[in-house]
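Residue strings, one per chain:
Protein chains: 2
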Amino acid sequence: MACEIERRFLLSGEGWRTAGTGLCLRQGFVSLDAHHSVRVRIAGGQAWLTIKGENMAISRPEFEYAIPLADAEAMLAGLCSYRVDKRRTRVRYAGKDWVIDEFFGDNAGLVLAEIELADEHEEFARPPWLGEEVTQDARFSYAYLSQTPYSRWTTA
Amino acid sequence: MACEIERRFLLSGEGWRTAGTGLCLRQGFVSLDAHHSVRVRIAGGQAWLTIKGENMAISRPEFEYAIPLADAEAMLAGLCSYRVDKRRTRVRYAGKDWVIDEFFGDNAGLVLAEIELADEHEEFARPPWLGEEVTQDARFSYAYLSQTPYSRWTTA
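So the sequences go chain by chain: A and B. As numbered in this note's numbering, residues 14 to 169 make up the first sequence, in order. As numbered in this note's numbering, residues 14 to 169 make up the second sequence, in order.
Just chain A, with the same shape it has in the complex (with noise of 0.2 Å):
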């Protein structure tokens, strides 16, 4: 078991853009509500089984497995009640590991950026593309999203 610590932040910018290369993400889940996910992904040819617990503050528990391909496509095709897919794109600024991920489909606009923390304190420089930090706000978890897609969200 580890334990996930993740910031999560809107983006201000494109200059991220040019600082990584991106990867598609397939994914789906299995099962997926407030308190917990089953989520299958496939990227670069690899797959994986990954089950996460209820946040607690912003952190919570995650196990991941590597799994056969043809399970995962097998899962994807039949058992996943809610498929999300992204690009994801890698990007280190000041020593820290970002990653940033531009959804498609129902999600098409969205695009929010993580980073994974050793505890809820720690501290990271902030990249000039950075925006507004939505970590606490559950619409953006896959559970909202999944049930509200970004594409139907209306701006005020």
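Please keep in mind that the hints were generated in silico from the structure rather than gathered at the bench. Please note that a few of the clues may not be correct.
If you only want the chain B side, here are some residues facing chain A, beta carbon under 7 Å, derived [claimed, not checked]: (1) V43; (2) I64; (3) F76; (4) Y78; (5) D84; (6) L92.
What follows is a set of in silico ranges between Cβ atoms, one per label pair, in the way DEER data are often shown [unchecked claim]: (7) B:E86 with A:E133: 19 to 27 Å; (8) A:G28 with B:S94: 37 to 45 Å; (9) A:F137 with B:W61: 37 to 45 Å; (10) A:E77 with B:R152: 32 to 40 Å; (11) A:G122 with B:R165: 46 to 54 Å; (12) A:A87 with B:G57: 26 to 34 Å; (13) A:E77 with B:R96: 19 to 27 Å; (14) A:G57 with B:R165: 30 to 38 Å; (15) A:E146 with B:E146: 53 to 61 Å; (16) A:G57 with B:Y78: 16 to 24 Å.
Note that beta-carbon positions come from the ideal geometry of N, C-alpha and C, so glycine has one too.
With chain A's structure known, arrange chain B on it following the hints.
Below, chain B alone, put in the same frame as chain A:
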């Protein structure tokens, strides 16, 4: 992916008890409904994660992975919404393997025999202790038992 074809029966006697030795299974469900299940199981010091899809008649897709024991213990303790503990006895009869599960806790009193078959029409010899078939009776599914445990069933 394996495609699991199982038939399930009640027991009509105790003759099976002396025909095999039992092993205690501790298991829990990360997720469980009528369409799928994500199960953690610990037995004999080993652990597995098993994902099953929707029943199609009496067969359904199944994916199983060995996982570290410590992961399974953590998932049972913190992530499983439903726990089922039982004792499993394996009995060989007329060239076929039967598994007989005695349930504990909320399902105490329930004993089920299962046989795995190569296809839905495969013939097999019926042991003398075999009772009524309940393969199609959804009350004997974990999805139903998790909501209405056997100890709360009333007999007419």
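Structure-based check of each hint:
About 6 Å separates the beta-carbon of V43 (chain B) from the nearest beta-carbon of chain A, less than 7 Å, and the hint is met. Proximity of I64 (chain B) to chain A holds as hinted, the smallest CB-CB distance being about 6 Å (cut-off 7 Å). Taking 7 Å as the C-beta cut-off, the interface hint given for F76 (chain B) holds, the closest approach to chain A being about 5 Å. Interface restraint check for Y78 (chain B): the shortest CB-CB distance to chain A comes to about 6 Å, inside 7 Å, so the restraint holds.
A cut of 7 Å between beta carbons decides the hint on D84 (chain B): the least distance to chain A is about 5 Å, and the hint holds. Given the 7 Å rule on beta carbons, the hint for L92 (chain B) holds: about 5 Å separates it from the nearest Cβ of chain A. Taken as a hint, the range 19 to 27 Å holds for the pair E86 (chain B) and E133 (chain A), whose Cβ atoms sit roughly 25 Å apart. The given range of 37 to 45 Å is respected by G28 (chain A) and S94 (chain B), whose C-beta atoms sit roughly 43 Å from each other.
Our hint of 37 to 45 Å for F137 (chain A) and W61 (chain B) holds, since their Cβ atoms are close to 38 Å apart. Between E77 (chain A) and R152 (chain B) the beta carbon distance is about 35 Å. The supplied range of 32 to 40 Å therefore holds. At about 49 Å, the CB distance of G122 (chain A) to R165 (chain B) agrees with the hint of 46 to 54 Å. The hint said 26 to 34 Å for the Cβ distance between A87 (chain A) and G57 (chain B), and at roughly 28 Å that hint holds.
Checked against the given bound of 19 to 27 Å, the beta carbons of E77 (chain A) and R96 (chain B), roughly 23 Å apart, stay inside it. As the Cβ distance of G57 (chain A) to R165 (chain B) is approximately 49 Å, the hint placing it in 30 to 38 Å is violated. Between E146 (chain A) and E146 (chain B) the beta carbons are some 58 Å apart, a value that agrees with the proposed interval 53 to 61 Å. A hinted range of 16 to 24 Å holds for the C-beta pair G57 (chain A) and Y78 (chain B), which are about 20 Å apart.
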